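Participant: Protein chains in written order, with the UniProt record's numbering: chain A, 1 to 160; chain B, 1 to 251.
Hints listed in this document are in silico derivations from the structure and should not be mistaken for laboratory results. As the structure is a computational prediction, the values presented were derived from the model and not from experiment. All C-beta atoms, glycine included, are put in the ideal place defined by N, C-alpha and C. Please note that a few of the clues may not be correct.
[Said to hold, decoys possible] Per label pair, the in silico range of CB-to-CB distance:
| id | chain 1 | residue 1 | chain 2 | residue 2 | range |
| --- | --- | --- | --- | --- | --- |
| 1 | B | PHE30 | A | ASP37 | 49 to 59 Å |
| 2 | B | GLU3 | A | LYS82 | 22 to 32 Å |
| 3 | B | VAL242 | A | THR42 | 40 to 50 Å |
| 4 | A | SER72 | B | LYS143 | 54 to 64 Å |
| 5 | A | LEU110 | B | THR248 | 44 to 54 Å |
| 6 | A | ASP37 | B | THR140 | 21 to 31 Å |
| 7 | B | LYS143 | A | HIS119 | 15 to 25 Å |
| 8 | B | ASP213 | A | LEU110 | 51 to 61 Å |
| 9 | B | ALA64 | A | ASP37 | 28 to 38 Å |
| 10 | B | GLY31 | A | LEU2 | 26 to 36 Å |
| 11 | B | THR140 | A | GLU18 | 20 to 30 Å |
| 12 | A | LEU114 | B | THR149 | 44 to 54 Å |
| 13 | A | ASP113 | B | GLN178 | 47 to 57 Å |
| 14 | A | TYR124 | B | GLU162 | 43 to 53 Å |
Take a look at the letters that make up each chain.
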Amino acid sequence: MLTKENILTLLEEVKDPEIPVLSLVDLGVITGVEISDEDHVTVNMTPTFAGCPAMDYMKKDVERTLEKHGISKYTVNMTFDKPWDSNKLSDKGRQHLKEFGLAPPPKYDLILDLDILEHVKCPYCDSDNTDLRTPFGPTLCRSMHYCNNCKQMFEQFKPL
Amino acid sequence: MNEQAIKDLLYKLADDQLILGHRNSEWTGFGPILEEDIAFSSMAQDKIGHSLAFYTLLQELGEAEPDTVAFTRNANQFHNSQLVELPNGEYDFSLIRHFLYDNAEIIRFEMLSQSSYEPIAKVATKLKGEVKYHVLHANTWIKNLGTSTEEAILRLQSSLNEALPYALGMFEKSKFEQELIDAGVYAGEEAVKAEWLKRITAVIEKTDLKLPDLESIKPKFGGRYGEHTEHLQPLLDEMAEVFKIDPTAEW
């Protein structure tokens, strides 16, 4: 029998195409899974950044993964009903990001003050003696920083 | 809720983002430094994504699908402010426009995130976080360049003077203005403008730039009602070039 937990386990296989260590579940973009009495699976997703060109790809990847596991009745919706923010990244996801060399977004309470970008912790040496170089990086979700301690550029997954 | 009033508001929001997104994309490959090339290209991507979110809400209200709406209308059917359609000019003009525009946009999104019209509130809640980065980018560069060399300050000042009448045009009222305010959709353009003035003043005061007396400036209105400068139609022709050759093309 299909359960929500089964589906979430399957979706662990689906990775962010630009950060292949991060599953969509850990990224926090899967906002709901429902299974009807007739075993119709509905997966609700929400974009990280509204203009992220990878979202369409991720949606198709979810559909492909469901099919691969023999689920033929499904609907995948992309909605803003439960908008994404970076606090939705799981602890496991944060750890994977760091190992990948991307500083995870700092957690914040209620309102994000972008001053926290000034001293992001370096993913290589853990120093916070770092400077923001530019809030825009190689993808919409990354900013660029420089570590004054280990003297390297690094990227951060932006807090949002 | 009056659906026409909501559609009018959504078209304004969506068209502003689409047109400025296109203008921003024209910096791709031409930025004065690599980081700025990436910044304007990223903001272009964000803004086109934001326009899509609002066009999708319009589609849910019975309008045509987003690509059709974006690519098949003529200039006189667009509701964007004239500010966003002006050519990029040199970097100082693009930067000033970006500063004046995004400081207003974030206020609109902040207000709309509290909107009584729930579909807009959800989208605005999401987008305001993204626009925060646009505002940070604009304010940082205005503060840096606005206190730097004589040439930088002169250029920014002249662009500011040139852009302000168009920037004031952003706050042109809708014919449904009072209805939107009464229904709690948002506090209206006058309120956005008052808050905008406070925020841009706070940044400009940290520079060697001077904000001219806004009372003495005649706003360039018309954009919200389909009156545009000669610059919009060529932009639309370029934007829709592929779509017009093959509407089913994927790129």
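Participant: Does each hint fit the structure? Answer for all of them.
Facilitator: For each hint, the structure was consulted:
| no. | hint | verdict |
| --- | --- | --- |
| 1 | B:PHE30 with A:ASP37: 49 to 59 Å | 57 Å, holds |
| 2 | B:GLU3 with A:LYS82: 22 to 32 Å | 25 Å, holds |
| 3 | B:VAL242 with A:THR42: 40 to 50 Å | 34 Å, violated |
| 4 | A:SER72 with B:LYS143: 54 to 64 Å | 57 Å, holds |
| 5 | A:LEU110 with B:THR248: 44 to 54 Å | 45 Å, holds |
| 6 | A:ASP37 with B:THR140: 21 to 31 Å | 55 Å, violated |
| 7 | B:LYS143 with A:HIS119: 15 to 25 Å | 19 Å, holds |
| 8 | B:ASP213 with A:LEU110: 51 to 61 Å | 38 Å, violated |
| 9 | B:ALA64 with A:ASP37: 28 to 38 Å | 36 Å, holds |
| 10 | B:GLY31 with A:LEU2: 26 to 36 Å | 50 Å, violated |
| 11 | B:THR140 with A:GLU18: 20 to 30 Å | 26 Å, holds |
| 12 | A:LEU114 with B:THR149: 44 to 54 Å | 27 Å, violated |
| 13 | A:ASP113 with B:GLN178: 47 to 57 Å | 35 Å, violated |
| 14 | A:TYR124 with B:GLU162: 43 to 53 Å | 45 Å, holds |
Comparing the model with each numbered hint stated earlier shows that hints 3, 6, 8, 10, 12, 13 do not hold.
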